[in-house]
Amino acid sequence: MKPRVAFFDFTGCEGCQLEVLNFNLEIVDLIGAVDIVEFREASSDHSEEYDIAFIEGSQTTQKDVERVQKIREKAGILVALGACSCTGGVNALKNRFPMEENLKVVYGDAAKYYTTIPTRPTSAYVKVDVHLHGCPPNRNEVISLVKCLLTGKKFELCHNPVCVECKLAENVCAFERGEFCLGPVTRGGCNAVCVTAGRKCWGCRAPVDEPNINSEKELLAKYGLTVDDVLNQFKLFNGALEVSK
Amino acid sequence: MRKITIDPITRLEGHGKISIFLNDDGSVANVYLQIPELRGFEKFSEGRPIEDMPQITQRICGVCPEAHHMAATKALDDMFHTEPTSTAKKIRELLYSAFYVTDHTTHFYILGGPDFVMGPDAPVAQRNILGVIAKVGMELAGKVLNTRKENHWIIQTVGGRQIHPVFGLPGGVSKRISEEDRNQIEEIAKRNVEFALLSLKVFNDIVLKNKSYVDMITSDAFTHKTYYMGLVDDKNKVNFYDGKVRVVDPDGKEFAKYAPREYLENVAEHVEPWSYTKFPFLKKVGWKGFVDGKDSGVYRATPLSRLNAADGMATPRAQEAYEKMYETLGGKPVHFTLATHWARLVELLYAAERLLELVQDKEITGPNIRNIPANKPDEGVGIVEAPRGTLTHHYVADEMGRIKKCNLIVGTTNNQAALFMSIKKAAQALIQPGKEISESLLNQIEMAWRPYDPCMSCSTHNLPGTMPLEVTIFDAGGKEIKRLVR
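Just so you know, the sequences run in chain order A and B.
Under our numbering, the first residue of the first sequence is numbered 1, with each subsequent residue one higher.
Under our numbering, the first residue of the second sequence is numbered 246, with each subsequent residue one higher.
To be clear, the hints were calculated from the coordinates, so they are not data collected in a lab.
Computed from a prediction, not measured in an experiment: that's the story for all the values here.
Pulled a few chain B residues facing chain A out of the computed Cβ check, cut under 7 Å:
no.: 1; residue: G285
no.: 2; residue: K288
no.: 3; residue: F289
no.: 4; residue: I301
no.: 5; residue: R304
no.: 6; residue: C306
no.: 7; residue: G307
no.: 8; residue: H397
no.: 9; residue: G405
no.: 10; residue: R406
no.: 11; residue: I408
no.: 12; residue: V411
no.: 13; residue: F412
no.: 14; residue: S419
no.: 15; residue: K420
Heads up, the beta-carbon is just placed ideally off N, CA and C, and yes, glycines get one too.
So here's chain A without its partners, still in its complex pose (with noise of 0.2 Å):
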């Protein structure tokens, strides 16, 4: 039997999924090779089992926690797709402020009648097996991935800061052009895409697991910024980095 492949959707913009769908022809190939059986809502009727669950967006009502969890029950491998199922992703940013006062927001009067829990990255309710991080991940990762579930090898996430790509693609440093990058201790895997069109790092694939922190001291030295800017910078894609397994 053909492994069941399913995808959920919780707090998010659903780019990610997108990200897979746009794969145009490549997925044909995929789709091949794997039974996809659910590509967007958990409808209370399927009680089938999936392989591999890959779940995009974050946790943000309390109704959406239940729902993750009843989605590992039945999942062989979870897979955290995106930045807002990894570490909370834009969502994290209403973190910030009171509950109440983003309901209020929103709502208007009719606040009354919601509820809204801090957003919360997948792994804060769930174990988590692995984790594609980006906002979108990278579609080649997202193959790459696949692919390894199907064949039995070893996945493994990109280990080097986007620096490293950054410097294979010949890119003029951005902070020489007087950016705030966060290349130097953010994860890789994205062929630095975003420096290469001429902006900077904004960190959307989260923190690489073993920074090099004395260079990065000393380059935040250099450009006069502090360790507290960083963490402020990350809080874009991640901030609900610190609730994360």
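Following the hints, put chain B in place on chain A, whose structure we already have.
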């Protein structure tokens, strides 16, 4: 009818949930449409550096990040009082045209199109992309996929990334277009024009040559006489990237024409206690409830609205297609909601032709891609036409260059009132006293809202191609009598 209060909590479940309430005699009393949409971007942008806004706001939607990225970048231009260079403007519009080609293609063939191509009575199992492929043939289906793929490549190449591009900067863009890339884009642009013409032919052959489809398009169940909104250039031609917002009344006469900074004088937002989405309306007409006509401030901002609000298209073949549409449907403005699908194809052709014009422009590979802002940022408004309606971003900066205030009127939101009215009208026409409520009701209700391509439906780019939809019908006593789900 007994008054029924809906607990908004239940409305957060699922995508596209419709509740229909009946009178004692079994006719439709009221309809509620529930869309989970807001995540609080206006609030949580507060305190972030203003330069992050093109990055933050595009995460509202993975389907049309380009639109948010562009509106945000234009709002930054305005905040810094810095005009982009001529080359930068053209590069932005080039990417935006490629985005329109892929987005409209997706909608016509994968989302909205199946209704027409397969016909309203076709079983759900066939009303999807696979059914469309079976009907139009593998060759055209391959072209659909290829068009999407090639235009995604343009977005990635010019914008830095395919989903969530990064190239927009106040005063310009971050990256030049190389001569080599320009050549490739030109080839794609030529294929786009052919593809758009072919798509209009498909529409002509499958829809227009079928009298029952045309009758349905022009039927009262799918008609509303409202105001129409759209961006126009200085010759009042449709423009997606820049210009003034023009509004015409239900007779097609210009009612307003305003610059982005004047939007608050023209548009206000109505709040209903039962809904958490807002209902924008024309301030100078006023909110008169969910009704159409000249006295009601309800307006629409859709592909058809843009065509109604403009005097024509800026490219030759799109202009021909524009004229043919109005000639066939009895002149301007067209009030038939289902004609939105046709208008979308006219726009597809315009986007394709415009992309070709831009890529052949001598300036497009020029080196002057940015005017570095010299002013302190204060307040700014950026407006573009998102495929699903006029998109407005409005920011105010604090002393430190961080967001103090942010207001967004998102594409789909413009059409909330009309969308609601369209569903209600279709339900009223389809559910009648003593008549059995059939499963095909679901199809027809879906057809009433598909033309607007509301955002939660465009997110169903799923392979089986079915849209999660739930219709619950309650009798006069508030008892659930039927539930149609798929």
